Structures are given as C-alpha cells and as structure tokens.
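*Asks:* Modelling step: build the complete structure from the supplied sequences, incorporating the hints.
Residue numbers (our numbering), protein chains in the order written: chain W, 1 to 540; chain P, 1001 to 1429.
Keep in mind that the hints were calculated from the coordinates and are not lab data.
Hints may contain errors.
List of simulated lysine-lysine pairs, DSS-like, C-alpha gap at most 27 angstroms [to be verified]:
#, chain 1, residue 1, chain 2, residue 2
1, P, 1072, P, 1308
2, W, 145, P, 1229
3, W, 510, P, 1308
What you are looking at is a predicted structure, and each value in this text was computed from that prediction instead of being measured.
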Amino acid sequence: MFARLCRIAALAGLLLGAAAAARADEFATIVAGFAGGGFAAKEQAIVALGRLGDPRAVPVLQALGDDRLRAAPDGRIVIVDTAGGTTRYADAATGQDIAGLDPDSLDRIIVNNRLRGDIEAALGALTLFSTDRGQRLAAAADALKHPSADTAKLLERALAAERDAEVREALQRALAAARLFAGTKDEQLAAIRTLGAATDPQIKNLLDRYRDRPDLDRERRAAADAALAAMARRLQLTGLAANLFQGLSLGSILLLAAIGLAITFGVMGVINMAHGEMIMLGAYVAYVTQQAFIALLPPGWLDAYLAAAVPLAFLAAGLLGIALERCLIRHLYGRPLETLLATWGVSLILQQAVRSIFGSPNKAVANPGWMTGGFDAVGGFTVTWNRVYIIVFCFAVLGALALILNRTGFGLHMRAVTQNREMAAAMGIRTARVDALTFGLGSGIAGMAGVALSQIGNVSPNLGQIYIVDSFLVVVFGGVGNLLGTLVGALSLGVVNKFLEPVAGAILGKIVVLVAIILFIQRRPRGLFALKGRTAEAEG
Amino acid sequence: MGMFASMRRAAVAAGIAAGMAAAAPAWSQETIKIGVLHSLSGTMAISETTLKDTVLMMVDDLNKHGGLLGKKVEAVVVDPASNWPLFAEKARELLTKDKVAAVFGCWTSVSRKSVLPVFEELNGLLFYPVQYEGEESSNNVFYTGAAPNQQAIPAVEYLMSAEGGSVKRWVLEGTDYVYPRTTNKILEAFLKSKGVAADDIRINYTPFGFSDWQTEVAAIKQFASAGKKTAVVSTINGDANVPFYKELANAGVKASDIPVVAFSVGEEELAGIDTKNLVGHLAAWNYFESVKNPTNAAFIKEWHEFIKNPKRVTNDPMEATYIGFKMWTHAVEQAGTTDVNAVRQAMYGQKVKAPSGFTAVMNTNHHLSKPVMIGEIRPDGQFDVVWQTKEAIKADAWSPYLAEDKGKVADWTYPWVCGNCTAPKYAEN
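*Replies:* As structure tokens, this is what we get:
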C-alpha cells in the first residue's frame, strides 16, 4: 500500500512538480469546483483531478460517475454512500464523515456522456496502478480505446510493475497501439507484431488506419498487410462462431416457448391458442416474486428471486392449465375448431385480466447480478450471461421432460392415453386424470419458459402474442407429437434465422424462413420427424 | 286537474332545480361532448391508456372549475383496440352518433392516417398528441406533438456538437413502418447535408415487437469500432425497446462509448425497464417530468391525485395532450361556440403556459411552437435535461431537407388556406 502511494506521489510530482502541501489545497479547490457551474467547468475539474494524480480523487470521480455526488448548501461537496442499507455522507474534500445532513437540502451534481468519458479516462490513468485487478484491466482497455503518445510512458511504467498475465497482455496491446502512431520504425514493427496477434475488430480498424498512412515504407506496409490478412481470416471464423452462438440462443428461446405447446398441441392434439398467455403468466409470476423479495427480504437475497420464481411459475401456470382442461377443453375433445375458438377466447380473457390487475405498461424485471453483463469471448464478440443461462435452462427442462415421459409411470400412462385412448382406458388407466395432468404439465412448462423470457424481453400483457406464432411454427415444422422434432426444429430455425439476418436483414430473413417452411410443409405435411405406426395411421 | 296541477308540477320542478343548484353549479341541460379515441386494449394500450386518463383528468378539472360556456363537458371514451381500420370506424361513430365537438386521440401514424379521411369528410376536429414524422397538415387536425425539426434534427445536432460527443458515424435503427422510415429519410438527407459520408450511415429496420437483438447489437458494435465516435438514433417503437436495451446493457455497450438517442422512449416506457445499466442513453422530447417549474409541479400533483398512485410518471405525449386540451377550451371560450369552423379560427395564435416551462403557441400550419430538450437516462428511470433550446421552436410540417418538399407551404390563413401547396389558394389582386 505504502509503496503504491509513493509511486503515485512520485508520478504526481513528476507531472506537476508541486509540493505535497500545495497539492492538498489544490485538491480541495478543484473538488469545490464541482458545485454549480456548467458542464464545461465540471469537465475542467475532472481533467484537473486526473492530472493531479491524487488517489483521493478516485472515490470522488467514481461518485460523480455514479450520480452519488451532491452539493451542500454551504458549498461543501458531499459523497453519498448507500452501501449496506444505510446512507452515509462524506466530505469529498477531506474524506471525513458528515453527520446530521438534511438529504433534501443537497443538490445533485449531474454529468453528461462527454463528462462520463472524461471520468473514465481520468480514472483510467489513476487506476492503472490500482490494487484491484479488474480496475487495472479496465484501465488498460480504456487506454487501448484512446491511444496517444502521452499515455505511452505511463503504460510502460504500469507494464513494468504488472504481475498478472492477462493485465500484462492488455497493457502490451495498449502500449503497442500508442507506439504504432508515435514510436520509431522498429517500435512500429514490433507494435504490428503484437497487435497482429490479437483478434479484435477495434485493433483491425486501428491497423487499417495505420496502413493507409501515406508515409509508410514498403517493409512496414507489408508487415501491416500480413497482420491484417491473418486477422481478417480469424475474424471471419469468430464471426461464424458468433452467428452459431446467436442461432443457438434464439433456437433455445424458441424451444423453451414451444416445449409446452409440443405437449398440449403436439401430444394431446389440442390447438391451444392460450399457450402464449401461459408464458405471459409465468413472466408475471417472475415479476411478482421479484417484488415480494424486494418488499419482504433483505437486499442480499434479491439475486435468488429467479430460483424461487421458476417452481412458482410452474405451479401457477400448471394449476391454471388443469383448471382450464377440466372446465373447458375436456368438453371439446375431437372438435378442433371449437377448441381453437374457445382457447383463443381464453387467451383474450387472460390478457385483459392481467391488464386490469397490473395495468398495461411493461413491468421491469431485472436480471439478477449473476445474469447481468457478459464476457468477451473472442474477437470483440460478447457472450451475454442471460443467454448462456437460458440455453442451459432450456436443455435442463427438455431433459427433465424426456425423463418424465420415458422413465416414469405417469409418462407411460400419458403416452398410452395419447396413442390409444380406448385401449388405455380398458387397461384401467384413468384417462381423464391423465389428460388433466398432461395439460397441466404443458402449461406449467410454458410458465417456466415465461420466467426465462422475462430475462431477455418485455413483461407485458402482450408477451404471449409475440411467441405464439413461432411456437406453432416450431411444433409443426418439427413434427407434431415428437419432442426430438421440436428440438431439431427450434434449433435449426434459430440458426438459419441468425445466418440469414446479417445478409438479408431481420425482415427479409423472417420472410425467407416463413416461405421455406411453407414449401417444406407442402412436401412433408407431417414435419421433420413424422410419427410412424398406429397413431399416425389412426390420425391420418 | 289541468292548470293547477301543471302549475304545481312546475313549482316542484323549480324547487328541485333550486335545490340542485345549491349543491352543484347551475349546469345547463345539455353537455358538450368530446371524444377520446385511444386504444385501451391490444399492443398500443401500453401507451395510449395513459392519454385517455389524461383527457379524463383535464375534463374533471374543467368541470370542477365551472365547465365550458356554462355547460358540463362529457368525455365519450371508445376503444379502437389497436386496430387501424377500427380507428376510422370509431371516429365516424364519435362524429355522427355522439356528435362530439372535438376528438382527442391516436398514437401511431397509421392510426392517424386511417382516421384522417373521416375527419376531413365530416369536418371534425382531431387533437393528435404524439411526436410524428411530419409531412402532413390537415385543416381538421391540430398536431400538438413534435415535428421532426422539434425532435429528431435537434437531437442529431446535439450529438454532432462538442458537448454531445462530436459524433461522426451514425446508426439509424427503426421499426419498419411509416414514422421511422420518414424520419430516417429526413435524417439521412440532413446528415448528408452536413457532410457525413454514406459509409458512415447505417440504416436498419426490424419488425414490430422484434425481440432477438443479438445480431443487430453485434453489428452496431462492429460498426462503432471504426475509430470514429458513433451514436445510434433509435426510432424503435413499442415492445421492441425493452429487449433492445437489455441486449445493449448485457453486451456492455455503455452510453459513453455508443450513446443511443431515442424518440419513442420516455418516462412511461422506462418504467418497464431496469435502468441501472442504461444511464446516459438519451431521449429527445419537448418535455421531461424532471423539469422544475410551478406549472409542471401542479401538473404532476394533479395527475397523482387523479390516478391515485404517486408512483405514476408523466411524459411528453401527456403534456401534449394537456396543451391541446387547454388550447381547445380557450378557443371555445374565445369563439363562444363549439362550432368547428369558429373554433379552428380561434385556435391560431392560442398560447398556453406548458409544463415544460415554456409558452406553447399554435401556428397557422396547425403545429405548435415548443422547446426541444435532450435528456439523459438516470438510474431511477427519470431523465436529466442536458441540453435545451433557449426558446420555443416552430414546427415545420414539411421538411426543408427533403428535395420533394421544396417550396411546400402549410398555412391555413388567407391567402394560402392550404396544408400542402406551393402557391396561395387565393391570388392577391
């Protein structure tokens, strides 16, 4: 700690050549400059704090960026800290706590995007030597974004002190980017080698700009060309991987939305237009669970709300499904047109009921901490956590369902009833009970899908309408009555869609997929995986 | 019977009337009916229900203060259910069956285009409260939302300025229908007139309710990595916004790197999004709830009391509804009648102190003069105004940046008397 302070003090001394005592006063003066004034005055203060190199500036700048800096009526600048449930006020200039402050008397100190960029840059310079590894990594990434000759010296020093391999690599790239335009010829060639090893569109553009400089000799231009060509090949591959992941993610969402329907429509043969509303109910269960967690439990528990919402949504939608089957659908077996109209009516009733209870505006369902953000996989392609978890969740649901269908007594009964109702009844299976439970299972799974979908999209009364068409498409395309067909259908639709979108655009891509499916159904009316044997014949 | 009985009946009636007069203002028997034509079900219910409530609040307030021309005002609420042809049907019903004096309604441009022939045929009066693409001026519509030069153009100019980040590269991202297409056409022409190269503009459209933004967000990041400051101008409408912003936040697109300025996202829409990761993204409107002035404070207070929920937010289309309603009541008072032709004449030059803190003025092109404000999203779902015009800007019905609009004039006073012509209807002798 002490060594670091010394280093920063030395750095600051180098930059300003000022005495330590003078700096203390200067720091307070600069901080006081945040009160009142326009964005221009604040910008000067931020830049000045960055130049000063005083570690005390870090909490002040962070508070400014996070909207936690306030101006007190007596001119003091106050940092608000709400961590741990209690609100603390500290004097920004001295760092000391202030007691008995009236929160209403404080004025917010607002920033705009430009100032946020300045804060980032200033913090970047200050945090290159931070003890926190993540902060140093972020600072190195920032330096790569704004390469300049000024930062080269700072980066050299940071690199010399750095132990962590990943941060070292990031620093080396940032340093190479800084030297690419300002270094000697040898430094430039070395920089091309370092940068050429990266796979990043940002670096590619940097090299592109470098290559187009008119004053380059043949050697450097050839080196840049070679590096660019190699990077372009790698970027093409990562682009392919990115498309594949996006297709998989879209496919998993289609699959989640369709699994429930694969049971109610695919296995039972009920044209269930209210399927989308079961998904919507699941999403509202997620919202209600979130609100209950906020209201009833300590803040630390909030991240767990999703785990509680999944079984609750299954129960809520499942019970509603059973009620629906008992009260309505069982009277309509064998009459597909009436079923279609009745379930469509139910879907309208459910939509309007939710609209009356919760109101028509969207509800905010936040991603829990562990589902927020993503990681840079490769080549500037970010894999987002919520999508990764949804893929995992989707396959877990599908796996559990396959187990239930193939390994449990209930699954056996269910298959028996759907394949030959009279025979199953003759064998002593209570077909009415199996029907109700099967419909409940399909609806419950739709409810769980709703929880997952609340993590990437809207929670509104219209939610179900977005997914109902796609769900039917997947089930019909995959082959009615076949889980494997639903799986393959959903994933192939997802991947094809995502490979078409960059080429044809979202609208044309969707049209192409729809036309392709219509043509396919003309050729194979039973979908990808047609059921064979007695059931298929009986239905035909 | 006869004479005596009828006199007694009259006396009783008078007594009852007198008793009622003591309890409530002395209403004349007939009421003034106004129509409220906003979707209360279907996709657009999400936005339009609030505007229906705003009109009801204004009517309530008006009746508390003595009504209009000594008569009580009665709102006839119909539900066109986000169904564009139904809008026209309901509009006809309001004008012919209910004989309303004015209609407050519509949100999407396609619903407005659907009712326009009805209002022109039956000489009705529509107050349209939503920001839109311009390129229209009807004698039977008063447009109280922003035209492109009161929203889109200033927002882009702000981002081009040093204060807004000196943006050099532009992604125009929209939902595929008339408002985004027209706005982007105007913006593209504007950007090119400012010397932006065609390579530095990317235009993309997605369907209504689009929910899988992975490819597009990745493409935006790719487009932005060219070393020039990049911004996204979003005319994405309705339900597609939530998944778009969620994907942006999770893909690590920060406002300080790639700011997104939206023309259809306000306080009401943000209430459905977790805004922690969206801090700094922008919206351009003529009003924000966070604006501090006495008119706005009273407006917000009245809204909370009417809707009985202190958490409900106010937004720009609500303010536009407020301005339109106030102007209509003032014009009716001034004309002394609800006759459409007389009220229309009285509307020109009407001034209203608006919750934005500025005075809105109705011009002879049936559009308002209003201020333009740029707001940045803050963590609590409200906006900080980071830039605003010094005075109210007059709306252009026809864009000066489009070649096909050259010379087009919208002016409904003598000698022009037209919404789309290049020469006055009445030539001066």
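*Asks:* If a hint holds in the structure, say so; if it doesn't, say that too.
*Replies:* Hint-by-hint comparison with the structure:
1. 1072/P x 1308/P: Within the cut-off at roughly 23 angstroms; holds.
2. 145/W x 1229/P: holds, 11 angstroms
3. 510/W x 1308/P: The hint is violated at about 44 angstroms.
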